[in-house]
Amino acid sequence: MRRITISNLYEDLDRSIGELRRNPESVERSRKVVDDALEEGGVYYGINTGFGALARERIDRESLETLQKNLLLSHAVGVGEWVPREISALMLKLKIHALGLGYSGVSMPVFTRLAEFAENDLIPGVPSRGSVGASGDLAPLAHMSLPLIGRGLVWDSAGIEFEDADVVLERMDWQPVELSPKDGLSLINGTQLMTAYGAFVLEKCVRLIRLVDVAAAMTLEALQGSLVPFDNRIQDARPFRGQSEVASNVRQLLVDSEILESHRDCGKVQDPYSLRCVPQVHGATRGALRHIRDVLETEMNAATDNPLVFPDGSILSGGNFHGQPLALALDYAAIALAELASISERRIYLLLAGADGLPQLLMRETGINSGFMIPQYTAAALVSENKVLSHPASVDSLPTSLGQEDHVSMGSISAVKLHSIFRNVETVLGIEVLAAAQALDYRLPLRPGRGVEAAHQFIRSVIPHREADYYFREDLDPCMEIVRGAELLLAVESEVGELL
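For the sequence shown, my numbering begins at 1 and goes up steadily by one.
No lab work stands behind these hints: they were computed from the structure. Here the structure is a predicted model, which means the values were calculated and not measured. For every residue, glycine included, the Cβ atom is placed at its ideal position computed from N, Cα and C. Errors might be hidden in some of the hints.
[Said to hold, decoys possible] Between beta-carbon pairs, the in silico distance windows are:
1) Tyr273 <-> Glu161: 17 to 25 Å
2) Ser74 <-> Met108: 18 to 26 Å
3) Arg251 <-> His291: 22 to 30 Å
[As the list claims (entries may be wrong)] For lysine-lysine, the following DSBU-like pairs were computed, each having C-alpha atoms within a straight-line distance of at most 35 Å:
4) Lys268 <-> Lys387
5) Lys32 <-> Lys204
6) Lys32 <-> Lys69
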């Protein structure tokens, strides 16, 4: 089966599902183990017993299908804001891939219908709160699975409204699936909510970590900063991989800079840390994200069900559903990303200070105009919010299931917080890019480095220079589109080559 990676997340998942649809042998094999075990009359957790604190209660054969249906209904207690449609789609596809590993014993009708939902872009609606990240993401996955039995909600194609699942099934001419023993448990056990949030953010960070270097290089040029701290000899003396990569990127972006040459002998000794220590700060985040990527890729390709079904006929109860590896990693990711916004906001502040020949607040006539003063307020507010959100959820635990589940990871909270922090980082970065472009206008006719110039020209092709107060959202919204899109980085790399 295809291994799922962060760098090719969406392509890998689609190919995995396609391969499983063509060759579902692993699903069929694990299902046969469950059927054979039931015929032999053994007692297996969640297959013919109750769940959690009710694990000692044996369920008679005639009630096993009802048991699985009740499991979905009783666990669908999620509340709060909806998981974004694109992350719910990842949840669904990650669950299909996990079931396809062949350790869950799910029935073919359930597996096939899940794949049909994914193939037809029918994405279940999932509330974001309700999981404690212990037996996996029970409540979110229950909501994700309800449409199989004609209950719950399904997103419309625009990701704005919902349809009732029974209406969707009728339109597709599908009947609700009859759940077999083990199906309900296989559907709700797993870490797919946590994993989906983490994978969604990390996949976008592949571009973000390069874009934040571009923003820093723009600000460095606009402030007539020194390139000395980016010298490769300094990085070699402290050989963290991320630090060296960032310094290399900035040097690459500043090739052929006339601005650098214009102040080479200005006598300035050192820049503030938010300029001078860009390799160290950005690089540390890169190192953290590498570790987190390893955790997520392991989890995306792992069996997180319980009990697990093995080819030798064994059905073993364990704890692979516990979200602790993800909870720690996602908290770490939140802290690492928050630092990118923190240092970016400090660079924005420097751009407004009126140093080195730049007009204060980045407009010539202030007083009547506030200039770029207030966007920095927004950046400061988001950085402060990130500090609160960066408190690790994984240090908390509250017992559930009458003490049977006495240590939980709270990883779902880590996941939701990480997504909020990531969006805040994007916004702060957008404000820096906007302010740096304004500042670079005042350095003309001197040209910045080739990479910085490409970034500056691309931004100016979308957003004009400003010399009077205006409705800032007119620029902030397209700037956010720039940050979230690929075009700016493509423009830069087409000029200076691929960044690390």
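Hinted pair Lys32 and Lys204, Cα distance within 35 Å = 40 Å, violated
message = Next pair to validate is Lys32 with Lys69; report whether the Cα-Cα distance is within 35 Å.
response = With Cα atoms ~21 Å apart, Lys32 and Lys69 stay inside 35 Å; holds.
request  = Note whether the CB distance of Ser74 and Met108 lies within 18 to 26 Å or breaks it.
outcome  = For Met108 against Ser74, whose Cβ atoms are near 25 Å apart, the range 18 to 26 Å holds.
ask   = Per the hint of 22 to 30 Å, is the separation of the Cβ atoms of Arg251 and His291 within bounds?
value = 26 Å, holds
task = Could you tell me whether the CB distance from Tyr273 to Glu161 stays inside 17 to 25 Å?
result = 47 Å, violated
message = Next pair to validate is Lys268 with Lys387; report whether the Cα-Cα distance is within 35 Å.
response = With Cα atoms ~33 Å apart, Lys268 and Lys387 stay inside 35 Å; holds.
The structure shown violates the earlier hints numbered 1, 5.
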